[in-house]
Structure formats: structure tokens, C-alpha cells
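Novice: Here are the chains, one letter per residue:
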Amino acid sequence: MSDPLFEYLCRLGDNTLVLGHRVSEWCGVAPVIEEDIALANTALDLIGQTQLWLGLAGEVEGKGRDADKLAYHRDVWDFRNLLLCEQPNGDFGQTMMRQFLFDSWHVMHLKGLMASSNDQIAAIAEKSVKEVTYHVERSTDTVIGLGDGTEESHSRMQNGLNKLYPFVGEMFLSDDVDTAMADAGIAPDPASHRAGYDAHLDDVLTEATLTKPEDDFAHKGGKSGTRHTEHLGHMLTQMQWLQRAYPDATW
Amino acid sequence: MYAQMIKSTGQGVKSLDEMDPDERAFQERINAGGKIEPKDWMPDGYRKNLIRQIGQHAHSEIVGQLPEGNWITRAPTLERKAILLAKVQDEAGHGLYLYCAAETLGVTRDDLTRDLLSGKMKYSSIFNYPTLTWADMGAVGWLVDGAAIMNQVPLQRTSYGPYARAMVRICKEESFHQRQGFDIMMKMANGTEAQRKMAQDALNRFWYPSLMMFGPSDKESVHSAQSMAWKIKMNTNDELRQKFVDQTVPQAEYLGLTVPDEHLKWNEETGHYDFSEPDWEEFFDVLKGNGPCNTERLEARNKAWDEGRWVREGLLANAQKKQAAKLAAE
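Protein sequences appear in the order of chains G and V. Under my numbering, the first residue of the first sequence is numbered 1, with each subsequent residue one higher. Under my numbering, the first residue of the second sequence is numbered 1001, with each subsequent residue one higher.
Next up, chain G with everything else stripped away, as it sits in the complex (with noise of 0.2 Å):
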């Protein structure tokens, strides 16, 4: 394994950079202005983010990779994003609930964060904080919206939950990784989040009227980066071509 700590803030950060990007992809052609307003300002947030976690790692790894390196020059293999990110976007219900799903997660990672015992980590966890906390609220208020709004509304939002649910478990699983995150005190232990998720989860999807899939089978194999699954590459070859075709060039 390499140095666990570049692994784990490559996994915060292409978390972020994998989702901003496919936030992004909804520009110009949301459902009303007011979401396409709302939803570049979400993929702009996480972009901000990546910046951050990726130009850490760069730091810790010390071999004069920066952000931009390690985003626009890894292959698939060495990404380390959840499954969930890399989901594309379906229709704007699909889009929401992966936000949803994710949100929920994050801003509870991030507020551990806070407390972690590098301080960089901490002082990024405390800016991001603030953003995801309306990201949250909003993709809530979204899934509720429409989750009990009208009939075909509602069963979009359950076809949404349905197909991107499997890929909830994977953020509640521990590794060497972060078994030796949580040792240092860095970040916490993964599956200490899972209750309170659920929690979260039950009283938004109750208001919302959908039901959560009784099967928690949980597909992994992004955070290792073992085993992406077949978008990831798709969206690296828009992503990164600019950098690739022309790799004398600064931008």
C-alpha cells in the first residue's frame, strides 16, 4: 500500500472532482434557471474542494505532483472515488438522489474531519463544511419535493433511489486505509457514520414517501480503486483531453 494518507485525501478529493464533473455536465440544460443557478454552484463548490484535497496530497506525496497533475494524469486505476460519484446523471431526479445520498454522507465526514489531528485536513473540513451544509439541505428539500410531489415525480425519484441505493454501503466501509486514518486520529472510523446516516436517510425518505430497497447489498471497489466501474473512463477521456493531447502546453 502506498502512503495512506495520500490514498485517503485522494479518495476526499476525487470524491469531489468526480461529482463536480458530473454536476458540471448539467450546465445550461437544468429543468428552470433557478437549478441551473444551483446546480453550478454545487459543481463549482466541489471543484474548489478537489483543488484543496488534491493539492494536499500532492504536498504529502512530495514528488511535485499538484492538482492538476494528479486529476488530469491518473487512469482509472488510480482513482479512489466512491462508485456513487461516478454515476451518471440520468434524469435530474437520478442527479438529485445521488447528491442526496451523497450530501448525507459527507457533511458528516466532514464535520469528523473537523476534529482530525492533522490540521490541514481540519481547516479544509471547516471551509467545506459550510458549503456541503447547503448542499445538503437543498438535495433534501429536492428529494422531498419531488419524491411527494406528483405521481411520475414520485416514481422517479423511487427508480433513482432503487438503482443508486447498492452504492450507498461502499461509503461505510473500512480499510487498511482507514484503519490507519482513524489510528493517527486523522479521520474518523467510516462505519461510525452509518447509524446516523441511516437515520438522516429513514426521516428525509418517510416525508419524501419512498421507500428504501430492503437489499443493502453494497457494490465497492472505487475508494480501492480495484474496480471502477465502466463510466469512470468515459468521463477521464473527456476530462482530461485537453491535457493529454497536448502535454507541452500550460493552460
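The hints are simulated quantities; they were obtained by calculation from the structure and are not laboratory data. The structure presented is a predicted model; accordingly, all values stated were derived computationally and were not measured. Some clues are possibly wrong.
Unchecked claim - A few chain V positions that, by computed beta-carbon distances, are all more than 10 Å from chain G:
1) 1005
2) 1085
3) 1095
4) 1107
5) 1114
6) 1156
7) 1169
8) 1172
9) 1176
10) 1204
11) 1205
12) 1236
13) 1254
14) 1274
15) 1275
16) 1324
As the list claims (entries may be wrong) - BS3-like cross-link-like pairs, simulated, lysine-lysine; straight-line CA separation at most 25 Å:
17) G:163 with G:127
18) V:1120 with V:1048
19) V:1243 with G:69
20) V:1007 with V:1048
21) G:212 with V:1321
22) V:1243 with V:1120
23) V:1322 with G:212
24) G:212 with G:163
25) V:1048 with G:163
26) G:111 with G:220
27) V:1219 with V:1187
28) V:1007 with V:1039
No residue lacks a Cβ here, since even glycine has one placed at the ideal position from N, Cα and C.
Fit chain V to the given chain G structure using the hints.
Specialist: Quick look at chain V alone, frame taken from chain G:
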């Protein structure tokens, strides 16, 4: 300029003596530099003309998201991606407060949107051109936003209060947009051979379409004369185009790029650049719907609107349920 070929009353401008008392008081207020506010009396023609102009401006901001949105997922660095996202987000915001300004004149955003989607209302011709390389993000900011600013800065003094105030905020953001565009062009023009080639190619493709943004000469236009008397148009198209050329040519020289006009030269006598007119036949083709991207742009907006219907209906239904529950509890 994001509003082109706006029709006014089609009649000549009346003298003060020809006007009835309301109209005369209205015109005198404008002549004295006063602002017209939503609840004030205004001639029907003024109202209609403004709805067309502000509506077209708002549509341009919304459709204008598409050619730049085209490059967000391919932006070459995290910083460039963030800046471009912020810029396109600004355009959506501009659209939003322009629609709000239009709503003060008694039309709804949904009415205007329907007219955009059906093709009845237009948006600026410039957004029917494709963005083919990353340098186009520079050219759009530098030239397209640069041309827009030429028109929008004077519109901060326009006679209709809500429009003037919207324009103050828009101008602040547009000047940031233009600077970021020029910054991309600087990087490209001073970059590798491939980047310089992209930068020149972008200038070649966007130069004349940018000149077209001001619209054909309107020295003789009765529509423009009326709009200028009402102070909802502050300068002629030719004045603004000349100002744009005078400002932009030295910037192109600074970048080491060549403006694609063999007749371009400094005229000592006039103190301005002489330049070639764009191909106005092409302009009218684009206006008629035959630009390179008209079909895609309108399809993209229609698709977004149609596919978003269930979202708008769902959120509305939820809000109504909540309101009903609140009323029942009272």
C-alpha cells in the same frame, strides 16, 4: 449587443407638440434624464418595444450558456473549469434578472420562454456559431462579451429603471468575463505552436460574427430613432461597432494575432480604424434560422424544457400540498 433588429412602433418619432398630454409628460421626463418605473404610465409602444428588447437579451443569456457549456467538461485545468462554470452560472443569473425586469412590464417568464422555444422570439445571432477549440472560450469572452459590454455600459443609463439597474450588475460581471477571455487568449497566444494556431483560428472564426452582433447599420431606421428618443437604445449600431473595432484591434496586436481583414487600417483623419463590413447576407441567414448551430441550440433548449416538465410540475404539486396542509392546520 444581445438585442438585434428590435422593432419599435414603425412610425416616425413624434415631436412634443404632436403628443397628447400623458405622452408629452412621459417624453419630457425621459428628456430630463428621469427614470420610468413599472407602475408609471407609459405608451404601449414603449412597453412592447422594451419587452421585445429585454426578452431577447434574456434569451441570449440563456442560450448563450450552451456554446460555453460545451467546454466545461473539457476545461484543461481545475481553475479554468471553475472560472468557466462561474461565468456560465453568471449568464444564467443575468437571464433570471432580465426575465424579472421584463415581468415588471406585464409579461411572464413562461410567456417569454414559450416564444423562445417556438422560435417566435430571437436571441443574439452570435450564439448560433460553434465553439470548436479551447481557444474559443477565450475568443467568446474577449470578443463576444467585449461586444456585449459596448452596448450594455450605456444601457446602465437607459430610461426604464428596472432594466437600467439590472444592467449595472450585469456590466460588472461582464467585464470580469471579458478579462477572463482575454487571459485565456494571452495564454494561448504565448503558448505552444498548436495553442497559437488555435488562438488565431478562433479569432478568424469569431471576428465577423462579433461585428454582426451590433446589427446592420441603423442610421436610417425608424425603429432605432424611436428607441433612441425613448432612451432604450443609446447609440447607433455603427457607433458601437466602430468603438468595438477601435478597442479590439490594439488588443489583437498585443496578442500577436492578425485580425482577418485585409482592409483594416488606422485612419489618421478620422481617428478611427477603417474596416470591412461583415457579410450581412450571412447575418440574415443566421437570423432566419440557417446559422451553423440554430437547430442544435433550439433543440437543446426545447429538450431541457420538455424533460424538465415533470420536475417543475412535481415541485409545484409539493408546494401546493404544503400550502394546503398549512391552511388546514390554521
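Novice: A separate judgement is required for each hint: does it hold in the structure or not?
Specialist: Structure-based check of each hint:
no. : hint               : verdict
1   : 1005               : holds (25 Å)
2   : 1085               : violated (5 Å)
3   : 1095               : violated (6 Å)
4   : 1107               : holds (16 Å)
5   : 1114               : holds (14 Å)
6   : 1156               : holds (23 Å)
7   : 1169               : holds (14 Å)
8   : 1172               : holds (17 Å)
9   : 1176               : holds (15 Å)
10  : 1204               : holds (20 Å)
11  : 1205               : holds (19 Å)
12  : 1236               : holds (32 Å)
13  : 1254               : holds (19 Å)
14  : 1274               : holds (36 Å)
15  : 1275               : holds (31 Å)
16  : 1324               : holds (12 Å)
17  : G:163 with G:127   : violated (32 Å)
18  : V:1120 with V:1048 : holds (15 Å)
19  : V:1243 with G:69   : violated (42 Å)
20  : V:1007 with V:1048 : holds (9 Å)
21  : G:212 with V:1321  : holds (23 Å)
22  : V:1243 with V:1120 : violated (31 Å)
23  : V:1322 with G:212  : holds (23 Å)
24  : G:212 with G:163   : holds (11 Å)
25  : V:1048 with G:163  : violated (49 Å)
26  : G:111 with G:220   : holds (24 Å)
27  : V:1219 with V:1187 : violated (39 Å)
28  : V:1007 with V:1039 : holds (23 Å)
In this structure, the earlier hints numbered 2, 3, 17, 19, 22, 25, 27 are contradicted, and the remaining ones agree with it.
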